[in-house]
Amino acid sequence: MTKKMVKLIFPQELIKEPVTFRMAKQFDVIPNIRRANVTGTVGELILELEGQDERIEEGIEYLTKLGVKVEPIVGDIIE
Amino acid sequence: MGYVKGLRCRECGRGYPKESLYVCEYCFGPLEVDYDYEGIKEKLNKEVIEYRAKNLWRYRELLPLDGEPTVGLESGFTPLIRAVNLEKALGVKELYIKDDSVNHPTLSFKDRVVAVALSKAKEFGFDTVACASTGNLANSVAAQAAIANLKRYIFIPADLELGKIVGTLIFNPILVAVEGNYDQVNRLCSEIAKRHKWAFVNINIRPYYAEGSKTFGYEIAEQLGWKAPRNIIVPCAGGSLITKIWKGLKELQNLELIDRIDTKIYAAQATGCAPIVTGIKENSDIIRPVKPNTIARSLAIGNPADGIYAFRTVKESGGWAEDVSDDEIVEAMKLLAATQGIFTETAGGVTLGVTKKLIEQGRIPKDESILICITGNGLKTQEAVTEKIGKPIKINPNIASFEENIGRERRM
Numbered sequence: 001m002t003k004k005m006v007k008l009i010f011p012q013e014l015i016k017e018p019v020t021f022r023m024a025k026q027f028d029v030i031p032n033i034r035r036a037n038v039t040g041t042v043g044e045l046i047l048e049l050e051g052q053d054e055r056i057e058e059g060i061e062y063l064t065k066l067g068v069k070v071e072p073i074v075g076d077i078i079e
Numbered sequence: 080m081g082y083v084k085g086l087r088c089r090e091c092g093r094g095y096p097k098e099s100l101y102v103c104e105y106c107f108g109p110l111e112v113d114y115d116y117e118g119i120k121e122k123l124n125k126e127v128i129e130y131r132a133k134n135l136w137r138y139r140e141l142l143p144l145d146g147e148p149t150v151g152l153e154s155g156f157t158p159l160i161r162a163v164n165l166e167k168a169l170g171v172k173e174l175y176i177k178d179d180s181v182n183h184p185t186l187s188f189k190d191r192v193v194a195v196a197l198s199k200a201k202e203f204g205f206d207t208v209a210c211a212s213t214g215n216l217a218n219s220v221a222a223q224a225a226i227a228n229l230k231r232y233i234f235i236p237a238d239l240e241l242g243k244i245v246g247t248l249i250f251n252p253i254l255v256a257v258e259g260n261y262d263q264v265n266r267l268c269s270e271i272a273k274r275h276k277w278a279f280v281n282i283n284i285r286p287y288y289a290e291g292s293k294t295f296g297y298e299i300a301e302q303l304g305w306k307a308p309r310n311i312i313v314p315c316a317g318g319s320l321i322t323k324i325w326k327g328l329k330e331l332q333n334l335e336l337i338d339r340i341d342t343k344i345y346a347a348q349a350t351g352c353a354p355i356v357t358g359i360k361e362n363s364d365i366i367r368p369v370k371p372n373t374i375a376r377s378l379a380i381g382n383p384a385d386g387i388y389a390f391r392t393v394k395e396s397g398g399w400a401e402d403v404s405d406d407e408i409v410e411a412m413k414l415l416a417a418t419q420g421i422f423t424e425t426a427g428g429v430t431l432g433v434t435k436k437l438i439e440q441g442r443i444p445k446d447e448s449i450l451i452c453i454t455g456n457g458l459k460t461q462e463a464v465t466e467k468i469g470k471p472i473k474i475n476p477n478i479a480s481f482e483e484n485i486g487r488e489r490r491m
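Each protein sequence line maps, in turn, to chains A and B.
Its first residue numbered 1, the first sequence is counted upward by one per residue in this note's numbering.
Its first residue numbered 80, the second sequence is counted upward by one per residue in this note's numbering.
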């Protein structure tokens, strides 16, 4: 089992969809929400994902395909 | 002795010991250095600062070391120039340039943050430093780690052209070319940072590293005779510099080293990578990541870690934000060179281009003091302008040819 800190950014059309829950169920990943900020047009969710390494990556891919932006929380590395 | 009390989460305010930590384990917010300002106030005043050597360590009480600095002893205290020719070109009354294109040792403002990061890394007992970068950060980490006798690892994507990394490779780092794209290099570095006891300057040393940027703000105020200008235009990549310049000015005010801050801060980005500017224009405190596509590569961070804090800084100061196209960037680089003799990198073109736009829009009043932050040197990004600055006039080695091609034209 691994843990991964990520930031999810939801476009307006996905705010009303329970995509995080679906991802968690489908890929057997446990999401632990640490911070969230949702406005009328965009949503931001900071969370920890816990699960099998591969399943977490599949879950992230699932979210990305739906239109969620998934960013690791590591600070800016590349310049 | 230093004045660091510990680290504090910028989101939830939870305190942490002064270790190589960078993220709050509860809310995943970034950690920031927490100082004993009462103690600093007793020690630091204008006379003390002015008496010291002209480098960034003249503000050492406000930097996060416990002992004496050991790295970057010549960094900082770069020229602040009254830009008389540029004033005329832009039709403004009082214009200054803070010129970090001549910072020591690698000609960019990154020399400030790396000086602090590596001094702190040595203090923590690290013998190896690292970063993933292809630009100014890589140059500075490689060079200053060489000075400090630290082992140095620089991570880059494997398909990068060699020309881009000469300015790093010359300092003899261990250059790791990762078979993957930027995202994969990023991810790998964060995993390495967890496993190896290395000081990744902008990962596990990040809270200390970022504090170095405050000296850019201190110097602006000191060099203007201990006062802050009315308008400051700052280029934004990750959003840290703009935040720290503002923090620096507020610290000086709290320490009564400057009277008041009547300053508006403006964020400058390239149109091809403007997540912070977009957030400010749309008044959205959620910064949406973008895929960068601009010649201003040193600003091309699509997911700025400090974007939200840059947003808040601009809002709090009453400033604004703007972006410029690649063509406008090149035009501004040429304007700065032709008026003030400063060859800046593309980021400087962004800053000046945005300043020009904001003046034209009336956002920045023409009769107020304006300061432009120039953060890097154009010799590093020559390809951005190579095809856009004309060609030499070829003549034969005789006076007739000279007169034919040049002399006659000039006399007319």
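Treat the hints with caution; some may be incorrect.
To be verified - Mimicking DSS-like on lysine-lysine, the simulated pairs with C-alpha atoms at most 30 Å apart in a straight line are:
1. K69/A <-> K172/B
2. K306/B <-> K4/A
3. K16/A <-> K360/B
4. K276/B <-> K7/A
5. K25/A <-> K273/B
6. K7/A <-> K133/B
7. K4/A <-> K97/B
8. K97/B <-> K3/A
9. K7/A <-> K326/B
10. K201/B <-> K65/A
11. K436/B <-> K473/B
12. K3/A <-> K243/B
13. K394/B <-> K201/B
14. K7/A <-> K172/B
15. K4/A <-> K273/B
What the hints contain is simulated information worked out from the structure, not anything from laboratory work.
Hints, verified against the model:
1. K69/A <-> K172/B: Roughly 45 Å between the alpha carbons, so the hint for K69/A and K172/B is violated.
2. K306/B <-> K4/A: 45 Å, violated
3. K16/A <-> K360/B: 25 Å, holds
4. K276/B <-> K7/A: This hinted pair holds, its Cα atoms lying about 26 Å apart.
5. K25/A <-> K273/B: 28 Å, holds
6. K7/A <-> K133/B: 41 Å, violated
7. K4/A <-> K97/B: 24 Å, holds
8. K97/B <-> K3/A: It holds: about 24 Å lies between the C-alpha atoms, which stays within 30 Å.
9. K7/A <-> K326/B: 26 Å, holds
10. K201/B <-> K65/A: Given that 30 Å is the threshold and the Cα spacing comes to 44 Å, the pair is violated.
11. K436/B <-> K473/B: 37 Å, violated
12. K3/A <-> K243/B: 35 Å, violated
13. K394/B <-> K201/B: Violated. K394/B to K201/B sits at ~37 Å, over the 30 Å cutoff.
14. K7/A <-> K172/B: The given pair, whose Cα atoms are some 45 Å apart, is violated under the 30 Å limit.
15. K4/A <-> K273/B: 12 Å, holds
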